[in-house]
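S.K.: Mapped onto numbering that gives the first Met the number 0, the consecutive letters of the sequence shown carry residue numbers 0 to 375.
Because the hints were derived from the structure by calculation, they are not lab data.
Hints are not guaranteed to be accurate.
Said to hold, decoys possible - Simulated crosslink set (SDA-like; lysine to any residue; CA at most 25 Å straight-line):
no. : residue 1 : residue 2
1   : K226      : R321
2   : K153      : K226
3   : K226      : A338
4   : K226      : Y288
5   : K60       : R10
6   : K153      : D181
7   : K138      : R185
8   : K52       : M141
9   : K130      : V46
10  : K226      : E287
11  : K239      : R282
12  : K164      : F1
13  : K43       : T154
14  : K66       : S208
15  : K299      : Y224
16  : K344      : L330
17  : K312      : D335
18  : K130      : L161
19  : K66       : L23
20  : K60       : F82
21  : K33       : K130
22  : K59       : L100
23  : K31       : L277
24  : K239      : A204
25  : K138      : S206
26  : K153      : V240
Stated by the list, open to error - Restraint ranges, calculated between C-beta atoms of paired labels, are given here:
no. : residue 1 : residue 2 : range
27  : R203      : N108      : 27 to 37 Å
28  : N169      : N6        : 21 to 31 Å
29  : T137      : L333      : 51 to 61 Å
30  : Q308      : M0        : 50 to 60 Å
31  : L115      : K50       : 16 to 26 Å
Note that this is a predicted model, so its numbers are computed, not measured.
We put the CB at the ideal spot given by N, CA and C, even for glycine.
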Amino acid sequence: MFFSGDNFNYRYIPILAISPAEMLALEELPEKDKDLILPLFPLKGWVGSHKLKNTTERIKKSIGDRKWIACIDDAFLYENKEFLLTGNYPDREVFLEIERLLLPDDGFNNWYEFMLSQTNAIPSVLWGSPKNVYTQITKLSMLGRGVVIRVNAKTSRTEIELVFKAIVDNNLDDLLFILDLDQITRDTISQVSQIQAQIESVNRAISPSIFSVSSSSFPSSFSGYHKGENSIYERILFNKVRSNLQNIRFVYSDRGSARADKIKGGGGIPSPRIDYPLSNDWRFIRQEYDDSDSPYDGEKEELYTSIAQELIKEPFWEPELRLWGTQLIELTSLRDKYAINSPSKATAARINIHLHMQLHYDSAVNLIDTDDEWSD
0 MFFSGDNFNY RYIPILAISP AEMLALEELP EKDKDLILPL FPLKGWVGSH
50 KLKNTTERIK KSIGDRKWIA CIDDAFLYEN KEFLLTGNYP DREVFLEIER
100 LLLPDDGFNN WYEFMLSQTN AIPSVLWGSP KNVYTQITKL SMLGRGVVIR
150 VNAKTSRTEI ELVFKAIVDN NLDDLLFILD LDQITRDTIS QVSQIQAQIE
200 SVNRAISPSI FSVSSSSFPS SFSGYHKGEN SIYERILFNK VRSNLQNIRF
250 VYSDRGSARA DKIKGGGGIP SPRIDYPLSN DWRFIRQEYD DSDSPYDGEK
300 EELYTSIAQE LIKEPFWEPE LRLWGTQLIE LTSLRDKYAI NSPSKATAAR
350 INIHLHMQLH YDSAVNLIDT DDEWSD
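Using the sequences and the hints, build the whole thing.
M.R.: Have a look at this one:
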């Protein structure tokens with residue numbers, strides 16, 4: 000038993016994209032933090048690689064031989080620009096590999112066989128075929144690793160009912176149920192009673208070992224602001240739900256401070272910005288280019304350095320927090336060659352700090368020994 004076993008000590012289940020920033024942020028966490036995090040990865044191709052094995056190898060590089068949850072990022076297929084324009088995938092085998100995993104034939108047998116080959120991966124239920132989803136649950140449960148049921152607003156009610164029937168018929172209880180709310184706003188907090196009712200309804204039907212409520216409220220734009228703060232509404236929502244359902248076991252989940260719906264390209268060169276996550280909000284400092292259409296040579300580095308120097312003087316800055324992300328900000332303030340010099344690197348620093356802060360949400364920051372010294 001995995002989720003229902005006494006050895007389940009995980010405190011945080013972040014849903015992380017297979018992207019350079021998110022994988023680097025996870026990789027650079029202290030090893031003792033990684034022992035307590037159970038990441039969920041929606042699988043897709045790794046950057047420009049041709050094989051799905053490059054994705055699983057990148058996961059292993061980030062977390063070693065630890066456990067992780069697997070699902071499929073179907074947007075990788077169906078929102079691909081070339082596919083939308085021509086109906087064909089780019090000439091990379093990984094697209095066909097992912098497509099095969101999504102085939103529902105024989106209870107999503109390709110997905111089951113893939114999970115069989117990934118010994119550290121815990122399977123999530125794939126949706127999209129009421130005819131096959133019952134058999135899929137039966138097969139995945141045979142792996143003996145527990146099963147993850149992740150539902151959102153798009154999940155078919157018919158399929159959910161069939162999954163619940165398979166669970167009851169097979170007397171399964173080694174389950175993690177994730178209610179995925181995707182992108183939320185402050186207004187979502189007012190819906191806490193409805194969310195609680197959903198969870199109670201699921202608990203009466205199948206009694207999963209663990210529940211998670213996952214979402215992101217990370218903003219899409221910082222335009223026009225030099226500095227400010229944004230509340231972490233997903234944490235506020237989770238706290239309210241958990242406090243009102245104390246007879247149910249919860250583990251915190253979110254998008255690791257990335258948006259649930261990724262921002263599409265375009266809009267010119269983004270202004271340099273560095274974010275600093277706290278327990279309940281994100282602080283940020285941002286500076287504009289003199290001419291955003293044509294920054295002068297070295298201007299980007301100058302602005303990141305200036306931002307970092309301003310940031311570490313803020314009263315919320317915690318000098319005792321020795322993480323890769325915080326040390327990267329310090330290096331940026333010193334104009335170091337390993338400094339933040341791109342939005343991707345700034346994002347990696349933010350996610351690295353955010354993962355640590357949410358993992359240790361109920362602990363005093365200054366009592367946490369991060370153990371690992373950062374090195375380049």
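S.K.: Hint by hint, note whether the structure agrees.
M.R.: Status of the hints after comparison with the structure:
no., hint, verdict
1, K226 / R321, "holds, 23 Å"
2, K153 / K226, "violated, 36 Å"
3, K226 / A338, "holds, 20 Å"
4, K226 / Y288, "holds, 15 Å"
5, K60 / R10, "holds, 21 Å"
6, K153 / D181, "holds, 11 Å"
7, K138 / R185, "violated, 40 Å"
8, K52 / M141, "holds, 24 Å"
9, K130 / V46, "violated, 34 Å"
10, K226 / E287, "holds, 12 Å"
11, K239 / R282, "holds, 23 Å"
12, K164 / F1, "holds, 21 Å"
13, K43 / T154, "holds, 20 Å"
14, K66 / S208, "holds, 17 Å"
15, K299 / Y224, "holds, 17 Å"
16, K344 / L330, "holds, 12 Å"
17, K312 / D335, "holds, 18 Å"
18, K130 / L161, "holds, 9 Å"
19, K66 / L23, "holds, 17 Å"
20, K60 / F82, "violated, 30 Å"
21, K33 / K130, "violated, 38 Å"
22, K59 / L100, "holds, 20 Å"
23, K31 / L277, "holds, 20 Å"
24, K239 / A204, "holds, 22 Å"
25, K138 / S206, "holds, 20 Å"
26, K153 / V240, "holds, 22 Å"
27, R203 / N108: 27 to 37 Å, "holds, 32 Å"
28, N169 / N6: 21 to 31 Å, "holds, 23 Å"
29, T137 / L333: 51 to 61 Å, "holds, 57 Å"
30, Q308 / M0: 50 to 60 Å, "holds, 51 Å"
31, L115 / K50: 16 to 26 Å, "holds, 18 Å"
Consistency note: the structure conflicts with the earlier hints numbered 2, 7, 9, 20, 21.
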